[in-house]
Amino acid sequence: AQKITQTQPGMFVQEKEAVTLDCTYDTSDPSYGLFWYKQPSSGEMIFLIYQGSYDQQNATEGRYSLNFQKARKSANLVISASQLGDSAMYFCAMTENNAGNMLTFGGGTRLMVKP
Amino acid sequence: DTGVSQNPRHKITKRGQNVTFRCDPISEHNRLYWYRQTLGQGPEFLTYFQNEAQLEKSRLLSDRFSAERPKGSFSTLEIQRTEQGDSAMYLCASSLNQGGSGEAFFGQGTRLTVV
Numbered sequence: 001a002q003k004i005t006q007t008q009p010g011m012f013v014q015e016k017e018a019v020t021l022d023c024t025y026d027t028s029d030p031s032y033g034l035f036w037y038k039q040p041s042s043g044e045m046i047f048l049i050y051q052g053s054y055d056q057q058n059a060t061e062g063r064y065s066l067n068f069q070k071a072r073k074s075a076n077l078v079i080s081a082s083q084l085g086d087s088a089m090y091f092c093a094m095t096e097n098n099a100g101n102m103l104t105f106g107g108g109t110r111l112m113v114k115p
Numbered sequence: 001d002t003g004v005s006q007n008p009r010h011k012i013t014k015r016g017q018n019v020t021f022r023c024d025p026i027s028e029h030n031r032l033y034w035y036r037q038t039l040g041q042g043p044e045f046l047t048y049f050q051n052e053a054q055l056e057k058s059r060l061l062s063d064r065f066s067a068e069r070p071k072g073s074f075s076t077l078e079i080q081r082t083e084q085g086d087s088a089m090y091l092c093a094s095s096l097n098q099g100g101s102g103e104a105f106f107g108q109g110t111r112l113t114v115v
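Chains as they are written, first to last, in this note's numbering: chain A, 1 to 115; chain B, 1 to 115.
A portion of the hints provided could be inaccurate.
Calculated pairs, BS3-like style, for lysine-lysine (alpha carbon to alpha carbon, straight line, at most 30 Å) [to be verified]:
id: 1; chain 1: A; residue 1: K73; chain 2: B; residue 2: K57
id: 2; chain 1: B; residue 1: K71; chain 2: A; residue 2: K3
id: 3; chain 1: B; residue 1: K57; chain 2: B; residue 2: K71
Stretch-level coverage of chain A by chain B, calculated; a stretch enters the list once three of its residues show a Cβ under 8 Å from a Cβ in chain B [unchecked claim]:
id: 4; region: 20-29
id: 5; region: 41-50
Have a look at the derived ranges for each label pair, beta carbon to beta carbon [said to hold, decoys possible]:
id: 6; chain 1: B; residue 1: E44; chain 2: A; residue 2: N97; range: 19 to 25 Å
id: 7; chain 1: A; residue 1: G62; chain 2: B; residue 2: R15; range: 42 to 48 Å
id: 8; chain 1: B; residue 1: N7; chain 2: A; residue 2: E61; range: 48 to 54 Å
id: 9; chain 1: B; residue 1: T20; chain 2: A; residue 2: S80; range: 29 to 35 Å
id: 10; chain 1: A; residue 1: E15; chain 2: B; residue 2: L39; range: 23 to 29 Å
Calculated directly from the structure, the hints in this document are not laboratory data. Predicted model, so just to flag it, every value in this text is computed and none were measured. Every residue, glycine too, gets a C-beta built ideally from N, C-alpha and C.
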């Protein structure tokens with residue numbers, strides 16, 4: 001079974017609007033971390049936001065927020081006020097406490113922001 | 001520049017040749033990871049080091065692949081007898097071994113093309 005599932009291969013959003021990128025995960029480890037990374041065409045993976053499994057509140061970092069629904073095992077990324085520079089691949093990833101903190105990535109979502 | 005540095009950025013090699021990539025992590029980070037990313041996919045874990053010790057290897061890492069981190073600083077990834085299926089982006093990341101996010105910072109990757 002896939003540990004990280006991103007069901008949206010591609011998404012369009014109008015500049016200045018908000019967009020939600022979906023991510024569901026699968027783990028039996030009670031201690032885990034969820035991450036979102038952005039990968040522009042240059043190839044570098046840029047860390048956006050982190051949510052720990054024991055965190056009570058949803059993480060926020062500037063225009064990024066993580067909608068963490070633990071019972072549903074989902075960790076959706078919300079980008080508010082989209083900008084043209086947000087066009088990129090977005091990857092959801094997970095670390096598990098019993099797995100050495102290596103990241104397991106989903107297949108990614110390509111976000112395209114329209115002017 | 002105090003980020004993760006990878007060299008070379010691009011490598012084209014003939015099938016059957018050996019190649020070696022280098023990664024210089026963020027200086028105070030004791031964990032170093034190698035990932036492989038093929039076109040249109042998320043990165044896949046290959047191996048990681050804590051200081052100079054190689055603690056985990058994926059089954060993706062065949063016996064043609066070897067990684068070292070001799071002094072707990074920079075790391076090298078060597079692929080012997082390259083095959084066309086080895087063509088991919090090879091990403092290096094580093095992190096601090098600590099609780100919480102243990103956020104991994106990525107380099108810009110080495111793109112390998114085997115012809």
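A quick look at each hint next to the structure:
Taking the CA atoms of A/K73 and B/K57, the gap is near 27 Å; set against the 30 Å cutoff, the hint holds. For a cut-off of 30 Å, the pair hint linking B/K71 to A/K3 is broken: about 34 Å separates their Cα positions. A C-alpha spacing of about 19 Å is found between B/K57 and B/K71, which places the hinted pair at or below 30 Å, so the restraint holds. Under a criterion of three residues with beta carbons nearer than 8 Å to beta carbons of chain B, the stated coverage of the region 20-29 of chain A fails, only 0 such residues being counted.
Remark: the region 41-50 of chain A is confirmed as covered by chain B, as 7 of its residues place a Cβ nearer than 8 Å to a Cβ of that chain, reaching the required three. Here the CB-CB span from B/E44 to A/N97 is close to 20 Å, well matched to the stated 19 to 25 Å. The beta-carbon spacing between A/G62 and B/R15, approximately 46 Å, falls within the hinted interval of 42 to 48 Å. At about 30 Å, the CB distance of B/N7 to A/E61 disagrees with the hint of 48 to 54 Å.
With their beta carbons about 44 Å apart, B/T20 and A/S80 fall outside the hinted range of 29 to 35 Å. With their beta carbons about 28 Å apart, A/E15 and B/L39 fall inside the hinted range of 23 to 29 Å.
The structure fails to meet hints 2, 4, 8, 9 from the earlier list, while all remaining hints are met.
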